[in-house]
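From just these sequences and the hints, can you work out the full model?
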Amino acid sequence: MAIAEISPLTDTSLDLLELRHRRRESALHQLVQCAVEHQAVRHPALLETLLQRRERLGSTALGRGHAVTGAWSWCVRAPLVLVGFSGKGLDWDDEVGVDVEIAALVLTPGESSEELHYRRMEAVTSALRLQRQRQRLLERRDLPTLSLMLRELPR
Amino acid sequence: MSAVEGFLELHDLDVLLAQTHDDTRRGRLRRMGYTLGPAPALVRERERLAGKLDRRWLNLYERSLGRYGRGLSAVRNRVCLGCRLTLPTSAAPPPGEAQLHVCQGCGRLLLWD
Chain A
18 MAIAEISPLT DTSLDLLELR HRRRESALHQ LVQCAVEHQA VRHPALLETL
68 LQRRERLGST ALGRGHAVTG AWSWCVRAPL VLVGFSGKGL DWDDEVGVDV
118 EIAALVLTPG ESSEELHYRR MEAVTSALRL QRQRQRLLER RDLPTLSLML
168 RELPR
Chain B
59 MSAVEGFLEL HDLDVLLAQT HDDTRRGRLR RMGYTLGPAP ALVRERERLA
109 GKLDRRWLNL YERSLGRYGR GLSAVRNRVC LGCRLTLPTS AAPPPGEAQL
159 HVCQGCGRLL LWD
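One line per chain: the protein sequences are A and B, in this order.
Numbering-wise, the first sequence is residues 18 to 172 according to our numbering.
Numbering-wise, the second sequence is residues 59 to 171 according to our numbering.
There are no misleading hints in this set.
Cβ pair distances, simulated, as ranges:
hint: 1; chain 1: A; residue 1: His38; chain 2: B; residue 2: Pro152; range: 32 to 42 Å
hint: 2; chain 1: A; residue 1: Arg136; chain 2: B; residue 2: Leu94; range: 15 to 25 Å
hint: 3; chain 1: A; residue 1: Val113; chain 2: B; residue 2: Ala149; range: 46 to 56 Å
Note that these hints are calculated values from the structure, not bench results.
These numbers come from a predicted model, not from an experiment.
Beta carbons: idealized from backbone N, C-alpha and C, even for Gly.
Set out below in structure tokens:
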């Protein structure tokens, strides 16, 4: 009888990072730079411009200390979800004025459908909507917890 | 900024504008918890950017945008990801150079990977 060992593969489409800055623009820059390190971005400067324009249309802060932004663009080479934590809190232009502690960036390549991007955004926003889930993520700050939270995320 | 980057930026602006103008997309974003404000500044930015781009390429881009909802397409392994046409080897730009090309199948501007 042949016995095969199956090793778990690391999910490279998710990552966590510590956000160092207070300003939203700086946090977006850091998130995009992290996406560049993952080789998920073609034109980082353009992607950053796009994310800043999106913020000008209306803040992506969703209340109670979290924000989810995203891009469906040809500037994106591979699907990626980044979740950043800020110990100091980020000034994300939240309607209520609460600082953001968790900021997620959802990147979907232009070759995917817009529908897929919306479904990915919906998966991330609904995973982070519950206070209990965010608290668990803030406490553990590890990839297995994030993977479990985003198990419904379409790839 | 190169012509390719100009059209990439224009395409991103068009996607954002579609989100603000289309009721279905707006409704979907609202259900996720987002509120989108009016976008006159984005429209002005689009006009300004379009004014800087070559009129000939812009016409081709806008024609494809009107027909397919997207004016740009990426190329991977010589295949246009918009219409899946395999492009001739001679259509590829020299390595390291970003040049504008039009897909002979669908007419979208091509973004070579």
